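**Student:** Here is what each chain is made of, one letter per residue.
Number of protein chains: 2
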Amino acid sequence: MALPNRVKIIDVGPRDGLQNEKQPVPAAIKVELVHRLQAAGLKDIEVTSFVSPKWVPQMGDNAEVMAGIQRQSGVRYSVLTPNMKGFEAAVLSKPDEIVVFGAASEAFSQKNINCSIAESIERFRPVVQAAVAQGIAVRGAISCAVGCPYEGEIAPERVELVARLMADIGVQHVGVADTIGVGTPSKVQRALEVTLKHYDIDHVSGHYHDTYGMALANTLASLEMGIWNYDTSVAGLGGCPYAKGATGNVATEDVVYMLHGMGIETGIDLDKLIDAGKFISDFLERKPHSRAANALLTKRAG
Amino acid sequence: MALPNRVKIIDVGPRDGLQNEKQPVPAAIKVELVHRLQAAGLKDIEVTSFVSPKWVPQMGDNAEVMAGIQRQSGVRYSVLTPNMKGFEAAVLSKPDEIVVFGAASEAFSQKNINCSIAESIERFRPVVQAAVAQGIAVRGAISCAVGCPYEGEIAPERVELVARLMADIGVQHVGVADTIGVGTPSKVQRALEVTLKHYDIDHVSGHYHDTYGMALANTLASLEMGIWNYDTSVAGLGGCPYAKGATGNVATEDVVYMLHGMGIETGIDLDKLIDAGKFISDFLERKPHSRAANALLTKRAG
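Line order of the protein sequences matches chains B and C. Quick note on UniProt numbering: the first sequence kicks off at 1 and runs consecutively. Quick note on UniProt numbering: the second sequence kicks off at 1 and runs consecutively.
A couple of the hints might just be wrong.
So the derived list for chain B, only partly shown, Cβ under 10 Å to chain C, looks like this [said to hold, decoys possible]: (1) A27; (2) I29; (3) E97; (4) I117; (5) Y150; (6) I180; (7) A217; (8) A221; (9) V250; (10) A251; (11) H260; (12) G267; (13) D269.
Quick caveat, the hints were computed from the structure, so don't treat them as lab data. These numbers come from a predicted model, not from an experiment. We put the beta carbon where it would ideally sit given N, CA and C, even for glycine.
From just these sequences and the hints, can you work out the full model?
**Tutor:** Set out below in structure tokens:
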């Protein structure tokens, strides 16, 4: 195995995670979570989303959360901006990076935003242009890159289309997201391979959900291809909107446990990370959705 | 990736799993579980243990369970026999295979059976000889092959020692067991590599626990070495005796989901397997410790 020596983790818990938790979380708790994540060594944190509070009430406090963070130098704070209106609001909060989304499924695009894949990406063009003009980094997320709740399995050609269109409009980095967690190692590798036709290995992330328990195997399969950027969610924050009651995002703790166990550096302090995950899990009145965190917390308790 | 085309699963749920569950399970339920596993296509089932009921009361009904099974041709029923007394009792139940255990940790051996690793294996010599003389297959389990609750990390040399000693006394097949689930892919591969010095690839199994969420990544790492035999436990039966409340054996459902998703044959019907897991989980009044099973059950429920 030729594996990377170090891995960069983007913790998407505050945004992608909390957005999919049922319970509302006050801004102060979100800010505290971000502070704990950066204290644990996280250098990339997806903080919030600038979308209409009509659609995503959980992120209605976006500006308040961004304003509340005591920023650390060297940490990159990213926000989701689905359109120009969101981007203009986001800019006031001075994000280091914005995130735009495109699904690799025609059915998903039609059903969710009533347009084709190509049209959905084209809509981001002015947002990406404006961000680039202001020196704000742009990350794209290719959702449903392996499976779709409406269409089932997704052909790699669809993933390649989204990657190509994102590259065309100037998106600098893309994440290949197994949004519903149905992917297995060989399928995930195929989705990454086609993405790598349009992006350099340094600009492709893996974003895996643990709904079916596959996320760490998929991470290993990606590491073996040299992929060294991963999106993960502290305490496995975020359920699966398409399988209520099921787990969603892979837990940062599980990924870090595996990487450290393989001698791969992350710059993250696993103990402090587990504390951060316990903090938000206690607030949500549940256990972390992380096997490593639960095993280590059990061990700590003696 | 050069992966096996097919994989053989030994379901150890009725023995290794139920032995580590707190709640006592009546013989009739165990028999029904075995029936459901074989109906799902399992060809290898670890049924029970012939140990003193003083030590393992959960397996006190061993003969009753073995007698209750309506055996299917082509299915191999195995039982654990720690000594000659156990073996003699087991033989009356006509098992197809017996299982003997050795830990790759001196501390574990001393603490649990008050002897060295070498002495612990030597004690099995008459059991193995008797089994071979009667045409009963012998499988060995190398426990604590990656980590030990007392000693921490285990050097591959300890694993190799157990493998060599087991080969010396005539054990035909060995399983490399990450008993406490702390292993990560590179460590598991090192334990397998040294075992392969003494056993052919067809006679080495992977036995992984999901306590830290690593089991499927470890399975993938093993598949990449050509390992095609795995011990798994339906519904993830079996806790971790060294971290109470934590999960133990990897769920058969999760492994089968991954293998089928990678186009690897198992001969197992995943839907029927999930039914078997739900049957025993309902009896234990909990959800299956399987992300794939829970996601698919949630999907079934609509």
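**Student:** Take the hints in turn and mark each one as holding or not.
**Tutor:** The hints, checked one at a time:
no.	hint	verdict
1	A27	31 Å, violated
2	I29	26 Å, violated
3	E97	29 Å, violated
4	I117	24 Å, violated
5	Y150	13 Å, violated
6	I180	9 Å, holds
7	A217	4 Å, holds
8	A221	7 Å, holds
9	V250	9 Å, holds
10	A251	8 Å, holds
11	H260	8 Å, holds
12	G267	18 Å, violated
13	D269	17 Å, violated
Consistency with the previously given hints fails for numbers 1, 2, 3, 4, 5, 12 and 13, ordered from lowest to highest.
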